[in-house]
Amino acid sequence: MFEQITRGSRVKSPWLLHYDCSSCNGCDIEVIACLTPVYDIERFGIINVGNPLHADILLVTGAVNHRNRKVLENLYEQMPHPRVVIAIGSCALSGGVFREAYNVVGGVDKVIAVDVYVPGCAAKPEAIIDGVLLGLEKFKKLSNNWRGVGGIFREAETNES
Amino acid sequence: MPVSTIPFGPQHPVLPEPIHLKLTVEDEVIKEVVPALGYVHRGLEKLAGTRDFHQMVQIVERVCGICSMMHAMCYCECVEAMMGIETPPRARYLRLIWSELNRLHSHLLWLGLFADSFGFESLFMQFWKIREKVMDLQEATAGNRVIVSVNVIGGLRRDLSPEQQQTILNILDRVEDEMRLLEKPLLGDYTVMKRTKGKGIVSAARALELGCVGPTLRGSGVAQDMRQLGYEAYGDLAFEPRVEKDGDCYSRLKVRYREVFQSIDLIRQAMEKIPAGEIAAVVKGRPEGEGLARVEQPRGEVFYYVKADGKKYLERIRIRTPTFANVPVLLAMLPGMCLSDVPVIVLSIDPCISCTER
Chain G
4 MFEQITRGSR VKSPWLLHYD CSSCNGCDIE VIACLTPVYD IERFGIINVG NPLHADILLV
64 TGAVNHRNRK VLENLYEQMP HPRVVIAIGS CALSGGVFRE AYNVVGGVDK VIAVDVYVPG
124 CAAKPEAIID GVLLGLEKFK KLSNNWRGVG GIFREAETNE S
Chain B
136 MPVSTIPFGP QHPVLPEPIH LKLTVEDEVI KEVVPALGYV HRGLEKLAGT RDFHQMVQIV
196 ERVCGICSMM HAMCYCECVE AMMGIETPPR ARYLRLIWSE LNRLHSHLLW LGLFADSFGF
256 ESLFMQFWKI REKVMDLQEA TAGNRVIVSV NVIGGLRRDL SPEQQQTILN ILDRVEDEMR
316 LLEKPLLGDY TVMKRTKGKG IVSAARALEL GCVGPTLRGS GVAQDMRQLG YEAYGDLAFE
376 PRVEKDGDCY SRLKVRYREV FQSIDLIRQA MEKIPAGEIA AVVKGRPEGE GLARVEQPRG
436 EVFYYVKADG KKYLERIRIR TPTFANVPVL LAMLPGMCLS DVPVIVLSID PCISCTER
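Residue numbers (the working numbering), protein chains in the order written: chain G, 4 to 164; chain B, 136 to 493.
Think of the hints as simulated: they come from the structure by calculation, not from any bench. All C-beta atoms in this analysis are idealised placements derived from N, C-alpha and C, irrespective of residue type, glycine included. Don't take every hint at face value.
Capping the alpha-carbon separation at 25 Å, the derived lysine-lysine pairs in BS3-like fashion look like this [what the hints assert, rightly or not]:
| no. | chain 1 | residue 1 | chain 2 | residue 2 |
| --- | --- | --- | --- | --- |
| 1 | B | Lys268 | G | Lys127 |
| 2 | G | Lys127 | B | Lys264 |
| 3 | B | Lys319 | B | Lys264 |
| 4 | G | Lys113 | B | Lys319 |
| 5 | B | Lys268 | G | Lys73 |
| 6 | B | Lys380 | B | Lys329 |
| 7 | B | Lys268 | B | Lys408 |
| 8 | B | Lys166 | B | Lys319 |
| 9 | G | Lys73 | B | Lys181 |
| 10 | G | Lys127 | G | Lys141 |
| 11 | G | Lys141 | G | Lys15 |
Derived DEER-like restraints, expressed as beta-carbon distance ranges [to be verified]:
| no. | chain 1 | residue 1 | chain 2 | residue 2 | range |
| --- | --- | --- | --- | --- | --- |
| 12 | B | Gly323 | G | Glu76 | 20 to 28 Å |
| 13 | B | Pro137 | G | Pro40 | 44 to 52 Å |
| 14 | B | Gly370 | G | Glu103 | 51 to 59 Å |
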């Protein structure tokens, strides 16, 4: 029953983790703009957290490069199941204008599985909110099907120890 | 007392950007700081080999999304100087207006993030609420909120109609009124003073020695601002750099707060003096030789060096960004401070990591 309550509340109030992979800051400041009064993503119960162990949705901006690839994989692995990844901006989708640069691996989907793609350079706050809500739909479906036998908690414990 | 090492970043709630600082602490006092960079490095300068010099404008805009307009402006100035192109007077004023709008939104962004770094959430929200007005102006005039893509080599792609100019002035009046209301909660607040006064002090001599630029340098009492060079239309306008004496986080905060009003004032002056006419000069031929240009960004001086040999592609482009110049001074500020002051001091130089690493 405890699991059911947690599952329900995670869907009602998902927590975001934002990671900037070699983005130009354009999409990052738009992600932060979503949290501020004009766009106010908090009205959907969404807040931004810094700890991957608490996060349900991972927002990734910018193209992946050889150095931050490991950081991104690490963050993704620490997140409890079920989890949703949203790639924001042209660079996160395909590498954007930087796809030919020598240090760029490519889009986020080269490294981790992406659920929602939000295009734009820079993606507008409206588009980001829309993408997050789309991701939330998927998150809802995933949590209904999730039979982790307390997996979320067990995984969190092993990561912390 | 045993010494321990604490990692700060690359993923940190205070700073949206990935920078990694290895902090060696004794008790709670910082002894040594070692930065690790490279999380945002894309290899952007090398792209000059695959894009011609007109297309490079769009690439350098994406060095940094916050001051995109100024990167493109500096690059265009550099190439124009190499090719001997004279930009029309109207274009010079329009570039000034857009770059000051850029500075305005960047400073408001920083003021908000800085308030957030010591946990003053409501002030953060207030500044970002005001900032949205400037973002709307950028969207209405340039077509994009963040990447203000108006520059081309030889001038500009977009013009401002008289109605748009009036809208800018009207909205800036409201921005100014709201900023004046926030003066007391920001600069007169006991908590803010407690968290920022006397933290991260750097003297004028030390700042100059370490090659510090921009508001960080002006916060230490050195009146140096690249806008004094009079590039674009800055030479025609009344302009005085904003300087504070103390060299701590509070004076850097004050410098940026006062520069917001300076930007508004510069836009007003430019709107009065703006001449009619063409917005772009005709560009023929290809650049050859070497060129350099300097522009004052919200974070300080940005420097562009371009080398070309008359071919379609540039031979080399080198960018030195303000945060790159300010990292040494940041490392000098941190030792001796408490661990809890690290976010405040790191943010006080307004770090832009994507600029630094390109």
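Each hint, compared with the structure:
| no. | hint | verdict |
| --- | --- | --- |
| 1 | B:Lys268 <-> G:Lys127 | holds, 15 Å |
| 2 | G:Lys127 <-> B:Lys264 | holds, 16 Å |
| 3 | B:Lys319 <-> B:Lys264 | holds, 17 Å |
| 4 | G:Lys113 <-> B:Lys319 | violated, 49 Å |
| 5 | B:Lys268 <-> G:Lys73 | violated, 38 Å |
| 6 | B:Lys380 <-> B:Lys329 | holds, 18 Å |
| 7 | B:Lys268 <-> B:Lys408 | holds, 24 Å |
| 8 | B:Lys166 <-> B:Lys319 | violated, 35 Å |
| 9 | G:Lys73 <-> B:Lys181 | holds, 24 Å |
| 10 | G:Lys127 <-> G:Lys141 | holds, 21 Å |
| 11 | G:Lys141 <-> G:Lys15 | holds, 13 Å |
| 12 | B:Gly323 <-> G:Glu76: 20 to 28 Å | violated, 47 Å |
| 13 | B:Pro137 <-> G:Pro40: 44 to 52 Å | holds, 46 Å |
| 14 | B:Gly370 <-> G:Glu103: 51 to 59 Å | violated, 39 Å |
Hint compliance for this structure: hints 4, 5, 8, 12 and 14 are broken, all remaining hints hold.
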